[in-house]
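Peer 1: Model the full structure from these sequences, guided by the hints.
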Amino acid sequence: SQQGEEDPQALSIQEGENATMNCSYKTSINNLQWYRQNSGRGLVHLILIRSNEREKHSGRLRVTLDTSKKSSSLLITASRAADTASYFCATDGGGDFQKLVFGTGTRLLVSP
Amino acid sequence: DGGITQSPKYLFRKEGQNVTLSCEQNLNHDAMYWYRQDPGQGLRLIYYSQIVNDFQKGDIAEGYSVSREKKESFPLTVTSAQKNPTAFYLCASTRRGLSGANVLTFGAGSRLTVL
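Respectively, the protein sequence lines represent chains U and S. Residues in the first sequence are numbered from 1 upward in steps of one, following the numbering used here. Residues in the second sequence are numbered from 1 upward in steps of one, following the numbering used here.
Keep in mind the hints are simulated off the structure, nothing from the lab. Do not take every clue at face value.
[Claimed, not checked] Partner residues are not named here, just some residues of chain U that face chain S (Cβ under 8 Å, in silico): (1) ASN31; (2) GLN33; (3) PHE88.
From a predicted model like this one, the values you see are computed outputs, not experimental measurements. The C-beta atom is built at its ideal place from N, Cα and C for all residues, glycine as well.
Peer 2: As structure tokens, this is what we get:
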């Protein structure tokens with residue numbers, strides 16, 4: 001079963017705007033990750049946040065984690081057309097390190 | 001360059017046929033995975049393998065089989081028992097970091113269509 005649910009399912013913005021997508025999950029976790037997928041391609045790891053962290057930055061990416069609400073958000077600042085992709089959160093379920101469970105994804109469209 | 005190679009990229013199969021999807025990695029990763037992705041959906045875990053000659057079922061293993069005879073290779077066979085095999089299949093691998101975090105490296109995927 002899928003652990004995470006992303007919200008919104010789809011997001012359309014203009015270049016230069018910020019994009020925020022959210023992820024909710026069901027069980028305790030050791031860490032939460034965000035991945036990006038260009039259409040018809042494999043996924044690429046973006047950023048990992050541990051359960052004892054509340055916020056993490058990487059370039060134009062900002063991830064927050066609220067373990068009390070079992071939720072995370074990914075913020076992409078100053079978006080570009082090249083950011084157009086689907087974004088997925090993934091969690092480890094708090095137990096088996098070898099098993100990542102992915103959410104349903106947010107499709108982001110950034111128009112020039 | 002290190003990475004994961006999946007082949008073929010596109011595959012067409014008639015109903016009742018078994019097909020095997022190849023996944024090879026030269027990253028010296030210990031664990032390998034197969035995920036299935038349906039249109040507009042997330043990824044669902046089919047099988048995973050932590051070491052050579054060992055593998056575990058994921059959430060949707062029925063109708064699939066795997067082998068792990070070499071560290072570099074983790075082929076997936078989609079059998080005729082899989083009722084709805086048309087999907088995008090993704091192979092991934094990982095070497096667990098010192099902190100225990102499990103960051104996956106993915107191949108480019110194989111798209112299987114049943115005619």
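Peer 1: Now, for every hint given, state plainly whether the structure supports it.
Peer 2: Outcome of the hint check:
{"no.": "1", "hint": "ASN31", "verdict": "holds (5 Å)"}
{"no.": "2", "hint": "GLN33", "verdict": "holds (7 Å)"}
{"no.": "3", "hint": "PHE88", "verdict": "holds (6 Å)"}
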